[in-house]
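**Student:** Produce the entire structure from the sequences given, and follow the hints as far as they go.
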Amino acid sequence: MLRIFIHRLLLGIATVAIVSGIIFAAVEALPGDACTAILQRDASGERLANCRRELGIDRPALTRYVEWASGAVRGDLGISAHNNKPIASLVGDRLKNTLLLAGCSLALGIPLALFLGVLTGLRRDKLSDLALSTIAIFAMTIPEFVTATVLIFVFGIWLGWVPGIVTASASSSLSAFFPGIVLPVIVLTMVMTAHIMRTVRSSVIDVMSSDYVQMATLKGVPYWQIVFRHALPNALLPAINVIALTVGWLLGGVVVVEKVFNYPGLGHYMIDSISDRDLPVVQAIALIVATAYVGVNLAADLLAMAFNPRLRTLKARSP
Amino acid sequence: MTGDVLIDVQNLSIGFTGRSGKLLPVLRNIDLGVRRGETVGIVGESGSGKSTLALAMMGYLKHGLRVISGRSLFDGRDLLTMPSCELQRIRGGKIALIPQNSGQSLSPNLRVGAQLTEALALHGKLALSAFPARVIQLLQQVRLPDPEVIASRYPHELSGGQQQRVAIAMALAGDPEALLLDEPTTGLDVTTQAHILALLSDIAVRLDKVMVYVSHDLGAIARVCSRVVVMYAGEIVLDGDATSVLTNPGHPYARGLLASIPRLGNPNLPMALEGRPPPPGDAGPGCSFVDRCAIAEAPCRSERPGLQPLPAGGRVRCRLPERAGSIPTKRAGKPASAGGSFGEPLVRLSNLAISYARQSLVDQLLGRKPQGVPTVDRVNIEIRQGEVIGLVGESGSGKSTILKAVAGLVGPANGEIAYDRSGALPATVEQRRPEQLREIQLIFQNPDESLNPRHTIEQILAQPLQLYFGLSGDALRKRSIAILERVRLGAHYLDRLPSQLSGGEKQRVAIARAFAAEPKLLLCDEVTSALDVSVQAAVLDLLDQLRRDVRALSDRVAVLYQGRLCEIGPAAAVYSRPCHPYTEALLGAVLEPEPGARPILMAEDIVELSPPAKGCPFQRRCHRKVGSICESTTPPQRNAGAEHVIHCHIPIGELTSAQTVSTLGNAVRPHVQ
Numbered sequence: 001m002l003r004i005f006i007h008r009l010l011l012g013i014a015t016v017a018i019v020s021g022i023i024f025a026a027v028e029a030l031p032g033d034a035c036t037a038i039l040q041r042d043a044s045g046e047r048l049a050n051c052r053r054e055l056g057i058d059r060p061a062l063t064r065y066v067e068w069a070s071g072a073v074r075g076d077l078g079i080s081a082h083n084n085k086p087i088a089s090l091v092g093d094r095l096k097n098t099l100l101l102a103g104c105s106l107a108l109g110i111p112l113a114l115f116l117g118v119l120t121g122l123r124r125d126k127l128s129d130l131a132l133s134t135i136a137i138f139a140m141t142i143p144e145f146v147t148a149t150v151l152i153f154v155f156g157i158w159l160g161w162v163p164g165i166v167t168a169s170a171s172s173s174l175s176a177f178f179p180g181i182v183l184p185v186i187v188l189t190m191v192m193t194a195h196i197m198r199t200v201r202s203s204v205i206d207v208m209s210s211d212y213v214q215m216a217t218l219k220g221v222p223y224w225q226i227v228f229r230h231a232l233p234n235a236l237l238p239a240i241n242v243i244a245l246t247v248g249w250l251l252g253g254v255v256v257v258e259k260v261f262n263y264p265g266l267g268h269y270m271i272d273s274i275s276d277r278d279l280p281v282v283q284a285i286a287l288i289v290a291t292a293y294v295g296v297n298l299a300a301d302l303l304a305m306a307f308n309p310r311l312r313t314l315k316a317r318s319p
Numbered sequence: 001m002t003g004d005v006l007i008d009v010q011n012l013s014i015g016f017t018g019r020s021g022k023l024l025p026v027l028r029n030i031d032l033g034v035r036r037g038e039t040v041g042i043v044g045e046s047g048s049g050k051s052t053l054a055l056a057m058m059g060y061l062k063h064g065l066r067v068i069s070g071r072s073l074f075d076g077r078d079l080l081t082m083p084s085c086e087l088q089r090i091r092g093g094k095i096a097l098i099p100q101n102s103g104q105s106l107s108p109n110l111r112v113g114a115q116l117t118e119a120l121a122l123h124g125k126l127a128l129s130a131f132p133a134r135v136i137q138l139l140q141q142v143r144l145p146d147p148e149v150i151a152s153r154y155p156h157e158l159s160g161g162q163q164q165r166v167a168i169a170m171a172l173a174g175d176p177e178a179l180l181l182d183e184p185t186t187g188l189d190v191t192t193q194a195h196i197l198a199l200l201s202d203i204a205v206r207l208d209k210v211m212v213y214v215s216h217d218l219g220a221i222a223r224v225c226s227r228v229v230v231m232y233a234g235e236i237v238l239d240g241d242a243t244s245v246l247t248n249p250g251h252p253y254a255r256g257l258l259a260s261i262p263r264l265g266n267p268n269l270p271m272a273l274e275g276r277p278p279p280p281g282d283a284g285p286g287c288s289f290v291d292r293c294a295i296a297e298a299p300c301r302s303e304r305p306g307l308q309p310l311p312a313g314g315r316v317r318c319r320l321p322e323r324a325g326s327i328p329t330k331r332a333g334k335p336a337s338a339g340g341s342f343g344e345p346l347v348r349l350s351n352l353a354i355s356y357a358r359q360s361l362v363d364q365l366l367g368r369k370p371q372g373v374p375t376v377d378r379v380n381i382e383i384r385q386g387e388v389i390g391l392v393g394e395s396g397s398g399k400s401t402i403l404k405a406v407a408g409l410v411g412p413a414n415g416e417i418a419y420d421r422s423g424a425l426p427a428t429v430e431q432r433r434p435e436q437l438r439e440i441q442l443i444f445q446n447p448d449e450s451l452n453p454r455h456t457i458e459q460i461l462a463q464p465l466q467l468y469f470g471l472s473g474d475a476l477r478k479r480s481i482a483i484l485e486r487v488r489l490g491a492h493y494l495d496r497l498p499s500q501l502s503g504g505e506k507q508r509v510a511i512a513r514a515f516a517a518e519p520k521l522l523l524c525d526e527v528t529s530a531l532d533v534s535v536q537a538a539v540l541d542l543l544d545q546l547r548r549d550v551r552a553l554s555d556r557v558a559v560l561y562q563g564r565l566c567e568i569g570p571a572a573a574v575y576s577r578p579c580h581p582y583t584e585a586l587l588g589a590v591l592e593p594e595p596g597a598r599p600i601l602m603a604e605d606i607v608e609l610s611p612p613a614k615g616c617p618f619q620r621r622c623h624r625k626v627g628s629i630c631e632s633t634t635p636p637q638r639n640a641g642a643e644h645v646i647h648c649h650i651p652i653g654e655l656t657s658a659q660t661v662s663t664l665g666n667a668v669r670p671h672v673q
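In order, the protein sequence lines correspond to chains A and B. With the first letter of the first sequence counted as 1, position 80 gets the number 80 in the working numbering; the numbers rise by one all the way through. With the first letter of the second sequence counted as 1, position 366 gets the number 366 in the working numbering; the numbers rise by one all the way through.
These aren't lab readings, by the way, just hints derived from the structure by calculation. Treat the hints with care, since some could be wrong.
[What the hints assert, rightly or not] To give an idea of the interface, some chain A residues facing chain B are shown, with a C-beta separation under 10 angstroms as derived from the structure:
| # | residue |
| --- | --- |
| 1 | Cys104 |
| 2 | Ser210 |
| 3 | Tyr212 |
| 4 | Gln214 |
| 5 | Met215 |
| 6 | Leu218 |
| 7 | Lys219 |
| 8 | Gly220 |
| 9 | Pro222 |
| 10 | Asn234 |
| 11 | Leu237 |
| 12 | Pro238 |
| 13 | Phe307 |
| 14 | Asn308 |
| 15 | Pro309 |
| 16 | Arg312 |
Predicted, not measured: the structure shown is a model, and the values here were computed from it. Don't be surprised by glycine CBs; every beta carbon is placed ideally from N, CA and C.
**Tutor:** Rendered as structure tokens:
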């Protein structure tokens, strides 16, 4: 078990290292650099060369990559080209906000999705299943910005129950985001709940028609004991991976939702930095998102291993 | 001996709603009573409704099924209308199921001990503190070694035979009065099956349980049951004592079924039962077997026969039971076409070794060969033009691996495959010439997986014809039809998809596709093991027919254990006088549908994870082990007659004289031809 863990951890670190190289190379390949962005129309001749020398951009790419990467390991992500502040603190604020949004959505969405998934799976083809499944498909297929706009109109403008957009700035304390965070959380919860719920539903249906559930029934095991002891531990396994993907998606900054609600999270910041041509920030956010994805998937693999004895123990070869 | 009726199914019909909205019956008017002390076998082909009937005896219907009429009584009470809290007490406590596929019937997330404890807690009349001891006792009762270790294992950590024993132990945990066995040995190796069946018949006698044994395998039923019920298209067509049903049944279908079973003692090809049963809801007003019946008369089509008592005891659903006796049940099949003279050697496997050990990344970089004992080793086989050679062995014996190596799907780790005087065959498909690819064709075990479900039969057959012969347009279509006709399917099959064909028809298409390439060497990987008995016979007959045309099918048998040759020789010699201890054990475990026949249990059904590094491959399970020489030295080749070679340390004279099995004839159909 420990061996597998270390093996996976090393693989994860290798993945992040490779991704960091790709990010760096991609940004490098873009026309223009930090100095052209800072100097804008004045970016030519002596001033450009001076700026490049000042920022160290004239040095070989490999040197700069090593410097950037080793800085990132220590938590130093460089300086924003846009306002000369350390990126670590700029991104840190937004990351904190994104974590708040993701955390609230997950806290609401995961239990709801699991509950609805199990419910619809157990009540397969009954009226409650059909109704909930149909709603889930709608929630999945309607784009977030449409849902968001409708919610803003209804609850923010028409009823006036909650603010339609977030007015707190990036560095405000977390409490400043309430109640403005309510609508973005609802939108995100709708999308992710539908996804997870449908996975759980089909996996519950599979497991409930499996031979071992039939066997448990014919062994005389009461229904709810079958559900909780024999079916759910197996049925929820596929959900772990879907949840991991959802968490990665939420941490990566949900660009559209953050933009619509003016929520100062990572996604929003990423868009702003791209339009500002603030390449060091874009680079830093890309690295953070990649690390988050790798980390979440690593956690999911380990969780799956913990819950699934078939992944944990040696398999006997059938005769 | 027998007592009052315990299980009583009365006029039971069960069906499902088809796509057309009509109610399609899966079971029709079943009347079946099982008395205390009886062991009843229910036999039928897939789709005959036997499993549905067995589950209905526990008051269980699969998703989508519902009761049309009738009752299913246990000890006088109808299970189909019983509230679920009462059902829970009867299921497992009074009547327990031993399922078909225990690997999938044990919950994968719970340890064996926990699952047994659960069964004890539900029905046990025991105190909580007595559970652990009882779990161990149950596991001992089903003859599992190291019960403490087994109890702490997860189901997937056990072998198939061990899983089946655990399932039996679980059924016994509630101390039920009746045991329902739903194909409990299907999918197990013959040697394991023989052990499980011995255990089951022992339990029936020693623990005095009523047994209802559902199987498609008459051989297995013959081992365990005293009474046999034959089902066809959702009906009981015959019910009688085992001896009469298995030797001289009074129903044409049962006789056809018996004739279609390949037997060790009979060199003839089994007789195919043509046609197939009507799908649910499609049986006409008359007898459901009428379309396949040799003695059917006009009234058979219009009036459905009732289940009438036979004078000699038992019941039959046939208008003409006395005439049914004229239908032969065995030894009536055609003799397999004789081998006769064979041509030049076509393929020679010399010292072939195949390893599945994966090279690790580090090994690849350093250019090191993977470590470990190869899956297949030291295999020497020569195949001549026009000869059919059968590879026989349990699963894991390396049969399929050798075929894959010849087909170029896995590369040999050592040795070579010489082909058609052109020298060594390139190891993999990519390196072979198109001509070589065409000449070596492979037919897979399961046609459901080897035929692309989205291609029509025409597209499937066109592929080799376009690829190897460049046919197109009219010529292509004509050739496709000609090939289809050779496998006895008509031109109207061209537009169909594989899902619209029966299992036997699909396998015919797979055979047609292989023959379309006009191969010199045809590799058949268990081509009949996924099919029903009566269909198996037809496929074997077809292969034999085609062999006459192209001179490509077998006459010699190679017995493999753990990827090593044990014995190779003419089929007649190997089957009539099995010399190698493993051949003896293997043939001894083959089930014949003869009442009273008992399997010869020799090699213990243990799992071998990998072949031994040195010595004889069979050393760990051999019942005639000589001594330490078996563990240290590779057995020598001994000549037992013309072309008959045995790899064993026991001198040949002793091998042939001290025989436990002597009456087995030839022609078990080889697993791999």
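**Student:** Compare the structure with each hint and give your call.
**Tutor:** Status of the hints after comparison with the structure:
Given the 10 angstroms rule on beta carbons, the hint for Cys104 (chain A) is violated: about 32 angstroms separates it from the nearest Cβ of chain B. Given the 10 angstroms rule on beta carbons, the hint for Ser210 (chain A) holds: about 7 angstroms separates it from the nearest Cβ of chain B. At a threshold of 10 angstroms, the smallest CB-CB gap from Tyr212 (chain A) to chain B is about 5 angstroms, leaving the interface hint in force. This hint holds: Gln214 (chain A) has a C-beta 7 angstroms from the nearest C-beta of chain B, less than the 10 angstroms allowed.
At about 4 angstroms, the closest approach between the beta carbon of Met215 (chain A) and any beta carbon in chain B falls short of 10 angstroms, and the interface hint on this residue holds. The closest approach between the C-beta of Leu218 (chain A) and any C-beta of chain B is roughly 5 angstroms, which is under the 10 angstroms cut-off, so the hint is satisfied. Taking 10 angstroms as the C-beta cut-off, the interface hint given for Lys219 (chain A) holds, the closest approach to chain B being about 4 angstroms. Using the Cβ-Cβ criterion of 10 angstroms, the hint placing Gly220 (chain A) at the interface with chain B is satisfied: the shortest such distance is roughly 4 angstroms.
Taking 10 angstroms as the C-beta contact cut-off toward chain B, the hint placing Pro222 (chain A) at the interface holds, the least distance being around 6 angstroms. Checking Asn234 (chain A) against chain B by beta carbon gives a least distance of about 6 angstroms; that is within 10 angstroms, so the hint holds. Among the interface hints, the one on Leu237 (chain A) holds; its C-beta lies about 9 angstroms from the nearest C-beta in chain B, closer than the 10 angstroms criterion. Checking Pro238 (chain A) against chain B: minimum C-beta separation of about 14 angstroms lies over 10 angstroms; hint violated.
Checking Phe307 (chain A) against chain B by beta carbon gives a least distance of about 8 angstroms; that is within 10 angstroms, so the hint holds. Taking 10 angstroms as the C-beta contact cut-off toward chain B, the hint placing Asn308 (chain A) at the interface holds, the least distance being around 7 angstroms. Using the Cβ-Cβ criterion of 10 angstroms, the hint placing Pro309 (chain A) at the interface with chain B is satisfied: the shortest such distance is roughly 4 angstroms. Satisfaction of the interface hint for Arg312 (chain A) is found here, the shortest Cβ-Cβ separation to chain B being roughly 9 angstroms, below the 10 angstroms cut-off.
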